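Each protein sequence line maps, in turn, to chains A and B. Position one of the first sequence corresponds to residue 380 (the working numbering), numbered consecutively onward. Position one of the second sequence corresponds to residue 15 (the working numbering), numbered consecutively onward.
Bear in mind the hints are in silico, worked out from the structure with no lab data behind them. Predicted, not measured: the structure shown is a model, and the values here were computed from it. Worth double-checking, as some hints may not be accurate.
[Stated by the list, open to error] Computed footprint of chain B on chain A, listed as stretches where at least three residues anywhere in the stretch have a Cβ under 8 Å from a Cβ of chain B:
hint, stretch
1, 512–522
2, 529–541
3, 611–620
Idealized CB from N, CA, C, for every residue including glycine.
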Amino acid sequence: MTLRKGIWGRWLYASMFVVVFALGIATQRSGLIDQIGKYRSDIVFLSQQHMKLVAISGGLAIAVGVPLGLWLSRPRMRRAAETIMQALNLGSTIPTLAVIALAMTFLGIGVVPAIFGLWAASLLPIVRNTYAGVLGVPAHFIEAATGMGMRPRQILAGVEVPNAMFVTFAGIRTALAINVGTAPLAFLIGGGGLGELIFTGIDLNEPGMMLAGAIPTALLAVLVDFAIGALAFWVVPRGVNPLR
Amino acid sequence: MIKLDKLTKAFETPAGTVIAADSINMDVGDGEICVLLGPSGCGKTTTLKMINRLVEPTSGKIYLNGKDTDRYDPVELRRTIGYVIQQIGLFPNMTVEENVCVVPKLLGWDPGKARARASELLATINLDPAIFLKRYPKELSGGQQQRVGVARALAADPPVLLMDEPFGAIDPINREVIQDEFLKMHRRLRKTVMFVSHDIDEAVKMADKIAIFRAGKLEQFDSPDNILAHPASRFIAEFVGTDRTLKRLRLVKVGAAMLANAPRIGLGEPVAQALAMMDDHGQEFMVIVDAAGRPHGYVDADTVRDRSGPVGEHGLPLPATVRVEEDLRAAVSTMFMHDVRWLACVDRDGAFAGFVTQRGITRLLGETYRGPTPRPAE
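Make the full structure from the sequences, and use the hints.
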């Protein structure tokens with residue numbers, strides 16, 4: 380899982396650099412910077428909307444995903460857990476656009492179905508990594524903890540969660556990267572966000588407008604990834620944090 | 015201190031019922047080290063884990079200090095029993111100090127008291143508290159981790175310690191060191207220890223009592239010397255090895271096999287007196303001591319028979335000496351190394367105390383085989 384995250388993160392950074400560099404050249408040549416500048420107030424307003432979508436849907440995904448992952452990792456859930464994980468895996472193969480379209484059918488248009496769609500898209504990596512992280516805690520830690528007289532709840536809080544944390548954070552990082560990148564779709568069902576500039580720019584064949592949405596989206600993705608990385612660095616205990 | 019009464023554990027498996035422990039009866043005295051020994055899958059670990067109820071017995075009783083453990087909440091019970099496992103199981107997310115303080119914290123000790131206890135324990139296991147308290151387990155060597163594991167088990171001063179192959183994962187050199195340290199600590203703390211091992215040498219070294227298991231049954235429960243001298247069955251004889259008599263060398267101190275009150279003679283005495291004393295004692299040789307009583311050399315009856323003057327001038331140097339508190343294994347090894355049939359023994363101050371002979375050692379070890387066979391443990 381850690382490896383997965385590593386590749387993801389690096390791939391994200393590398394492609395971002397290439398894109399930004401190419402865009403820089405392109406904008407310089409065609410005077411796009413002035414065109415983008417025209418949308419300054421839109422960028423500020425829509426970025427805030429975009430961040431709100433990400434924060435609410437991502438926050439809810441963490442609030443649901445982590446406890447769900449922990450619950451599935453309990454011994455009494457062992458048998459059901461695999462089936463549920465399979466179901467979640469299957470669910471994640473549904474494209475986010477389809478999820479958003481489905482959400483619109485049930486919840487109408489606006490912010491609510493958009494948040495629901497983004498929440499559903501970022502839930503799986505968090506549940507999966509929390510679950511795998513806890514299962515990955517070696518059995519002898521649990522045996523030692525039990526043998527010393529810790530109760531199951533104390534073992535969960537004192538041993539299992541801290542040792543699973545690094546893997547869980549990797550899942551959260553992946554989930555939020557997906558979330559930020561998918562959030563522009565929210566515009567399609569009236570959820571607002573930077574998608575408004577991107578999709579309208581495409582429709583009107585106006586590169587300046589499109590980039591006014593795309594560049595902040597990209598920067599936001601980098602920022603979120605960095606923030607989660609920094610958080611993981613400081614929150615995960617030093618003894619189980621390979622970065623410290 | 016620990017009494018097992020018809021303790022039985024049966025596991026239901028798809029292939030049928032497996033009896034992991036079959037009506038085990040044992041009685042381990044206060045302050046004793048009892049080693050549970052046997053090949054893997056013999057039920058020794060299951061038996062150990064029933065004591066702190068990590069495994070619930072199918073039937074039978076366990077008494078700790080006369081109290082039936084069924085009457086306690088398993089979690090409360092475990093907090094009064096130290097537990098060390100082979101993989102050590104130090105929590106990597108906690109510092110050494112936090113690891114050692116786990117049980118005191120569970121018992122609701124004052125944090126200051128728990129910290130003081132952690133420092134004290136670290137000092138007893140030869141790790142400097144100033145350096146190691148704040149370290150994480152991954153920053154320690156395997157041997158250091160295992161010491162901390164033992165310290166953690168001792169943190170709340172439990173009267174009973176359960177150890178499941180605690181030194182199995184440590185390299186042979188460090189294992190000897192840690193075993194010695196543990197024995198030293200045990201002599202001071204006098205905990206009652208149940209110790210699972212599959213290594214007969216470790217068992218002979220550590221144990222006051224050895225319990226040998228085979229396929230869920232307790233085959234023999236006896237002192238190490240009796241197990242080695244009188245194995246109750248062919249299985250045990252094979253398990254302890256064909257060199258079992260040699261292993262007994264480790265159990266006997268030089269002092270026990272030594273001929274004390276051996277004749278000795280001062281450096282300046284005449285040869286004639288030495289010859290007279292040797293004839294009196296029917297001995298071929300005699301140790302020469304200096305004024306402080308330390309062995310200086312020896313005289314051989316045949317070579318000095320027709321000589322005169324002080325014995326000091328005719329003495330031959332001693333190739334080696336052995337201390338009385340060493341075990342016979344060390345003595346025999348020294349004899350073989352120097353190709354001699356006897357060795358002079360010295361006490362703690364280096365004074366001559368007597369000597370051991372190869373014949374004396376073989377006779378001592380052989381005595382138990384010639385005498386009436388003691389009744390094997392039930």
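Hints, one by one, checked against the model:
| no. | hint | result |
| --- | --- | --- |
| 1 | 512–522 | holds (count 4) |
| 2 | 529–541 | holds (count 6) |
| 3 | 611–620 | holds (count 4) |
In summary, this structure violates none of the numbered hints.
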